[in-house]
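Following the hints, complete the assembly by docking chains B and C onto the known chain A.
Spelled out, the chains give:
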Amino acid sequence: MSREKHLEISCLKLALERRHQRVLSDISCTFKPFELTAVVGPNGAGKSSLLQCLAGVLMPTAGQIELNGQAAEQISAAERARRGAYLPQSETPAWSLSSADLVALGLLPWGRPPDRERRVAAALQLVDAQQFAHRPVTQLSGGELRRVQLARLLVGEAPLLIADEPTSALDIRHQLQLMQNFRRQADAGKTVVLALHDLPLAARYCDRILLLQDGKLRAQGTPEDVLTPALIGDVYGVSCEFRWRDGVADFVPLDLL
Amino acid sequence: MLTRSKFVLAILFAALPLALIAALLSGPVSVDLGAALSQGWHSDSSDAVILWQLRLPRALLAILVGAALGMGGAAMQGMLRNPLAEPALLGVSSGAALAAILLLYYGLAWQSGWLLPALAIFGAFCAVACVWMLAGRGASASRLVLAGVAINAFLSALMALALNYAPSMFAMQEIVFWLLGSLANRGWDQLLLALPFILFGGILLYCARNYLRALSLGEDSAASLGFRGRRYPLLVLLGIASAVGAAVAVAGTIGFVGLVVPHLTRPLVKQDPGRLLWSSALAGALLLLLADIVVINFVGAQELRIGAVTAFIGAPFFFWLIVSARRGQQL
Amino acid sequence: MHFASRILLLVVLALPPAALAQQRIASLNLCLDQILLRWVDPQNIVSVTWLSGEDHYRRAPLPEHVYLNRAQAEELLPLQPDLILVGQFGAQRAAQRLRDLGLNVVAIPDAYSLEQLRDQLSALETTLGQLPPLQKQKRQLAKLLAAPLPPAQASALILSANNITYGDGMLEHQLLERAGFSNLAAQQGVKQLGRVSLEEVVAAQPDLLVFYGGEKDFAVAHLATRHPALKNYIDSGRIYTLPEELGFCPALVAAEVLEQLTDKRKSFVDAQ
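Line order of the protein sequences matches chains A, B and C. Each residue of the first sequence is one higher than the last, beginning at 1 in our numbering. Each residue of the second sequence is one higher than the last, beginning at 1 in our numbering. Each residue of the third sequence is one higher than the last, beginning at 1 in our numbering.
Excised from the complex, chain A in its bound form (with noise of 0.2 angstroms):
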């Protein structure tokens, strides 16, 4: 198989039913190389159902997914895991696997490739965990845990990463870091696509926002154009203010609408 080296990955007129509800309708979006994508809305608006199509795990019920031009379903499971990484919301490891083992988890779409150990190594160095290299996940810190995941998730180079909110529950500084790795991956031409709940977050680092709302693609765009007071109180129900500065958004939010 050609490893490509950057990955296009589009929905058209996607929908998902589970147990007879709509979860996702008419969703139509492009995700290209260089760009981080964040994937923003209330709970339960549909955002990891979205990513889960999108990596493989669901497959939705009606429309298409396109990698590259080449739609889903003609590419087999273990392709598109070569192709595209993902990182669900809450993932606690049954074992207590040290942090190099669990990071080598993220290679089993290439088998057992030779140069293991050295891409592991390369890994965690990228998230500055080897110095817990050879501990079990089971005693590591939320923060930590979270940092050999995102190892796990780039080991293996993928064109695409998915993650459904990575930052949650990690400190301020970690959540910095996380989002400046992400950053560097898509500036490094990968497709990087997020679920965040934290819209300032979102606003600083990713080059789109997609704002979903019941299911349904609501916007789409840069930031600025995203994240409006207007859009954002009729969405989430809450009056706020956006401030600008530099790219930086301050986002305020005032109250309850």
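Hints listed in this document are in silico derivations from the structure and should not be mistaken for laboratory results. Glycine residues also receive a C-beta, built at the ideal position from the N, C-alpha and C atoms. Accuracy of the hints is not assured; some may be wrong.
Label-pair restraints from in silico Cβ distances [as the list claims (entries may be wrong)]:
hint: 1; chain 1: C; residue 1: Glu259; chain 2: B; residue 2: Met172; range: 41 to 51 angstroms
hint: 2; chain 1: A; residue 1: Glu117; chain 2: B; residue 2: Ser30; range: 50 to 60 angstroms
hint: 3; chain 1: A; residue 1: Arg218; chain 2: B; residue 2: Pro316; range: 54 to 64 angstroms
Only chains B and C this time, still in chain A's reference frame:
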């Protein structure tokens, strides 16, 4: 740490042939092993018959059944992401035993060929699929054990009912046999009956080793790593059913091997669910062979049941699990 | 069918009319059931236990009028039996209740040895009268007991269900000895019942391996007798299967078994 666990694994590996020799040496009759060996397979002398027709198949069957149960336990724990999963505890063995009982007591005899293990495997498959579906995605330990205990209790009741209505005159005793297992009076025919199915199950589980590895991150992550769809769980379910079902068909339900063995060997393989499969098979074979040596050397009016021996090892182990869980360690 | 019933009529007419004092006999014991069904005119039997109706024990179709009881006093009362036979053990409460109600209940001793068998047959004779088959069996038995014990010329070992063997003090042991076999289990000090593993069977190398009957159906208990290690014995015909009746009612078959075992021993001696 790494070298130490490799050392322990090497010791386990070396202990297996030693235990095999010990098993060949133990029995109610003292046998000249050297003479029996040199007389060879076809000899009619009683020493040779005892060695080649009685002790060797029994010891090899202990190894085979132990390996199947250990591997089945490791696969089940990996698949359900839960260290409490065990084929006998969760009704898989009972499913196989029920099918075997229905066939043996109401239909064909022991020598009836491959129908017996095939049906036992079907019974085990139904039971393990029930547990898997009842417990569902990412089930908690309590829900899993509850589902398993419920299925196990129901199947055990059906077994007792079937045996009570069976034409056998020994109903009560036969129930005990199937629930506690035994390797007594087994010969090459039973060994050859179980062998292909246990090997087949082992191969299936070996093919699913990377799925089990991916599953240690959860079902969603496993799907994103390329292990999507029903194919992989089906592979594991069929592998467990094949190995455990064939083992139960010839030896009854022997509990706790599938629980204890993966726990003991997990630290030795750095918690890797893939390598745990073969290390559990090795340790399970050794454990059951040692348990059978205890059974053979036990002096009593009635034969000691091998399931009772493994329960003696397994039940205290369960206590230890509970205590260590209460101390806040990860279960 | 017509012909058969005419034969039956002839047989019934041929029986001495005064042989039976009782007209309505009931039994609360499996062995006594079998004795009644085989030796007594079916018209005189009103009830036997339900076990005799089971396929496992039934040798011939039961007469339709015979009631299958479960040893309950209230089942037997309406049948108005003039004789109720009970064994030494079992159904004792029902027997006591029936006795209290003034019915004629007679306990027949069980038989676990040839001597007890003789006593059992005598007790049956006093109760039931001089039945020809009973007297024949009794005569045969007396002859056997009077004859001196033959010297043991071959060895034998019994392998029954669940690896049970029969040693000194058992009827099966006596039959083997009277047939000229030495019972290897008794020689190894087994009293009454003992366990024998397959290994011990193979190591003991008996001339004759004796199984117990009733293994048509599968049971793990019979696994040892099906083990390939014993194939030699089966192929060379060095086995004998004791009839199942010997276990629960030796009076019916003891003499016959002894005869067959003696023939078996003679064939071994001839072969040597």
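Cross-check of the supplied hints:
{"no.": "1", "hint": "C:Glu259 - B:Met172: 41 to 51 angstroms", "in the structure": "violated, 36 angstroms"}
{"no.": "2", "hint": "A:Glu117 - B:Ser30: 50 to 60 angstroms", "in the structure": "holds, 54 angstroms"}
{"no.": "3", "hint": "A:Arg218 - B:Pro316: 54 to 64 angstroms", "in the structure": "holds, 60 angstroms"}
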